[in-house]
Amino acid sequence: MAEEFEPKIVAFLCKWCSSAGSDLAGVSRMKYPPNVVPITVMCSGSVSPLYIFSAFNQGADGVLISGCHPGDCHYIKGNYYARRKIALVRKLLSYMGLESKRFQMSWVSAAEGKKYTQVIEDFVEQLKTLGPQNKLRRN
Amino acid sequence: MKKTGVFVCHCGINIAGTVDVKKVAEELSKYPGVEHSEDYIYMCSDPGQNKIIDAVKEKQLDRVVISCCSPTLHETTFRNACKFAGINPFLCEISNIREQCSWVHSDTEKATEKAIKITKSTVERILRNEPLEPVSIPVTKRALVIGGGIAGIQSALDLANSDFEVILVERSPSIGGRMIQLSETFPTLDCSQCILTPKMVEVSKHKNIKLLTYSEVHEVSGYVGNFKVKILKKPTYVDPEKCTLCDECIKVCPIVVPNEFDLGLTGRRAIYIPFPQAIPASFTLDIQNCPGLVPIACGKCADVCEPNAINYDMQPEIIEAEVGTIITATGYDLYDKEQMAEYGYGKYPDVVDGLQFERLLSASGPTLGKILRPSDHEVPKEVVFIQCVGSRDPELHCAYCSKVCCMYTAKHAMLYKHNVPDGQAYVFYIDIRAGGKDYEEFVQRAIEEDNVLYLRGKVSKIFEENNKIKVWGVDTLSDKQIEIDADMVVLAMAIKPSKGIEELAKKLKVAVNQDGFLSEAHPKLRPLESVTSGMFFAGAAQAPKDIPEAVAQASGASAKAITILSQERLYHSPTVATINISLCSGCGMCVDVCPYDALSLEDFKAQVNEVLCEGCGTCVATCLRAAIETKNLTPLQIHEMIKASIGG
Ligand code: FES
Chain A
1 MAEEFEPKIV AFLCKWCSSA GSDLAGVSRM KYPPNVVPIT VMCSGSVSPL YIFSAFNQGA
61 DGVLISGCHP GDCHYIKGNY YARRKIALVR KLLSYMGLES KRFQMSWVSA AEGKKYTQVI
121 EDFVEQLKTL GPQNKLRRN
Chain B
140 MKKTGVFVCH CGINIAGTVD VKKVAEELSK YPGVEHSEDY IYMCSDPGQN KIIDAVKEKQ
200 LDRVVISCCS PTLHETTFRN ACKFAGINPF LCEISNIREQ CSWVHSDTEK ATEKAIKITK
260 STVERILRNE PLEPVSIPVT KRALVIGGGI AGIQSALDLA NSDFEVILVE RSPSIGGRMI
320 QLSETFPTLD CSQCILTPKM VEVSKHKNIK LLTYSEVHEV SGYVGNFKVK ILKKPTYVDP
380 EKCTLCDECI KVCPIVVPNE FDLGLTGRRA IYIPFPQAIP ASFTLDIQNC PGLVPIACGK
440 CADVCEPNAI NYDMQPEIIE AEVGTIITAT GYDLYDKEQM AEYGYGKYPD VVDGLQFERL
500 LSASGPTLGK ILRPSDHEVP KEVVFIQCVG SRDPELHCAY CSKVCCMYTA KHAMLYKHNV
560 PDGQAYVFYI DIRAGGKDYE EFVQRAIEED NVLYLRGKVS KIFEENNKIK VWGVDTLSDK
620 QIEIDADMVV LAMAIKPSKG IEELAKKLKV AVNQDGFLSE AHPKLRPLES VTSGMFFAGA
680 AQAPKDIPEA VAQASGASAK AITILSQERL YHSPTVATIN ISLCSGCGMC VDVCPYDALS
740 LEDFKAQVNE VLCEGCGTCV ATCLRAAIET KNLTPLQIHE MIKASIGG
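So the protein sequences, as listed, match chains A and B.
Per this note's numbering, the very first residue in the first sequence carries number 1; after that it's consecutive.
Per this note's numbering, the very first residue in the second sequence carries number 140; after that it's consecutive.
Watch out, some of these pointers could steer you wrong.
[Unchecked claim] Computed cross-link-like contacts, BS3-like style, restricted to lysine-lysine with a CA-CA straight-line distance of at most 30 Å:
| # | chain 1 | residue 1 | chain 2 | residue 2 |
| --- | --- | --- | --- | --- |
| 1 | A | Lys-31 | B | Lys-161 |
| 2 | B | Lys-638 | B | Lys-699 |
| 3 | B | Lys-367 | A | Lys-77 |
[Unchecked claim] Far from chain B, by Cβ distances over 10 Å, these chain A residues were calculated:
| # | residue |
| --- | --- |
| 4 | Pro-70 |
| 5 | Gln-104 |
| 6 | Gln-118 |
| 7 | Pro-132 |
Since the hints were derived computationally from the structure, they do not count as laboratory data.
C-beta: ideal position from N, C-alpha, C; glycine also.
Required output: the full structure, derived from the provided sequences and hints.
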């Protein structure tokens, strides 16, 4: 039997909420699939569209951006900018033919270890049904 | 050639139990740019840190990656070790393989693979880090304390006695908070007012404290060491300098409204002093309830005021101040009456809450310390105390324990028995939490010496019948249904953060938890502060707590605040935005999105104010020409990190 497809996911987590939330998941010893490699950024608002393209271009099967809940950004409104930008990027990606489900944004606070776990589980499941991403992968 | 050292920590078995740390170290030793790679059982321990220092010296490493726990724990530790070894601290980065890897996975092979990717990605980052020097900023040597209860008072006094200026803001007309409403305090039965009023007077007379009552925090900007605050001072319409407390005004005021200080057990006039020992000692005209500030509407108080202290033209005032740190001590409120309809709270006058009972017990209260029930002023002979009303009830009410109720209920029952020796006190409880010095002994004293009857169980129904309050409950120890014909019922209501905390927290940019209590930076190691630097907490605003705990936390918060105020300059992270002038087109989009006004246009080129910049990176993601980057986390670094994360 062929080995099950394991999607590769890059997750951009803001330092103040989502990275702290994923730390909490760890401290609470919650379990989730190891498909995600997190990159902690200062704020979800600092995630440039270029990062998203770069990730898909280098072969990511999915990209997650996670930040503080709307209104709770450590830098006041970074996540609002992120939300707006991401909506546009999503359109652009689907215009290029990429399944929009490969790209997700979530709000995970520093207290939501459980939610982080859930987000990852769901995303991995979703990507497993989609299979490998070849649309934007370089070569 | 850059020479990176990689140090992989076992963290006992916390990491090594799931991740093959040897393999991580070995894989990394082959990675381009890595000169040295090793693993050790506790990297953060003294021998662990020495390993880093030795390796740096021996192999002339110029940058370091530590694969260990979350950077929130030991980034500073390791950066200091690097500094000691002669490496710029910003050439040390942490790769988190514990919280974000070993603790959340169980498959060793996959977890190891992920740990390798995370570490490689951090190596890619460190290879492109530049040495940085912290940005230095001056410190305003003044603190703001929000809330004039016991916690705020203690914080303000500690700071003021350490010779720092303090602005103490209280939203009601007097300081004193909840503690001044209490009768006696457990477990010593000290009179609450007697121990608090001297502190209140000290606040009012202290040369370093500026007291702003009837005032609220309106706006907060700036950053640690340099906050700018705007405080709204509401008009009291009475000049405290002139008011002689003669009482003439309240004799003529035609309006009567429930008195907040007695929790509605008595009335007060529209012009009032909350309680006789109020600080500042002055009357306040409550505009919400006053018929109008013009003589046609009423004007009686101004007519009789001999010293002409009443001034209808007083206007709200915005007071601006600069402070270095802020302590929030906004205290608590009781859980809403409406939520507790099942206990007849708010419906039957003889069903009261704990604070109302405090007022009935207080020598300065409406009954001068005699216990008389509110409905007919008779001495109640059967009193039922119910604990955990609204607390520890995740389905319907608050999930948390309100912490003080077990103790104050024991105190209430005990004081009731002292007042009415032939009366009977019953306490319904789930279990007794009396963890505190002399607390357990106190509860035992109530049970043994004062014959308070403790019934373990919940109350199912309370209703009025024949001038009695029928209490139906169950005693789970004897497995019996209990029915009591009570004269009075006292509910130990859950406590919750005081009204408006969420709004205030937003202004302060501090987080609150799901119940609205202020969130500390770390529940164990940083319990007095927010993650937002310069913000400290004291008292029940952070979690339910009793007086000794609130006082201890308040002194702790002041000491923490002094660690900032005592510095001449603070150092702020240099990982700020920088502009590549040759790429900048001067479009100004970055200027618009910056939340800190740190960007400006100078000769059609963007410019960064490093002191104001917090390094959030919003501008980086906004710039269409990639002319901005944040130091040590540049788009190029991220790009390389992504590559290593995906691992080909
Ligand atoms: S800091 Fe979390 S989204 Fe801005």
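Here's how the hints hold up against the structure:
{"no.": "1", "hint": "A:Lys-31 to B:Lys-161", "result": "holds, 23 Å"}
{"no.": "2", "hint": "B:Lys-638 to B:Lys-699", "result": "holds, 26 Å"}
{"no.": "3", "hint": "B:Lys-367 to A:Lys-77", "result": "holds, 19 Å"}
{"no.": "4", "hint": "Pro-70", "result": "holds, 12 Å"}
{"no.": "5", "hint": "Gln-104", "result": "holds, 16 Å"}
{"no.": "6", "hint": "Gln-118", "result": "holds, 13 Å"}
{"no.": "7", "hint": "Pro-132", "result": "holds, 12 Å"}
Going through the hint list in order, the structure satisfies each hint without exception.
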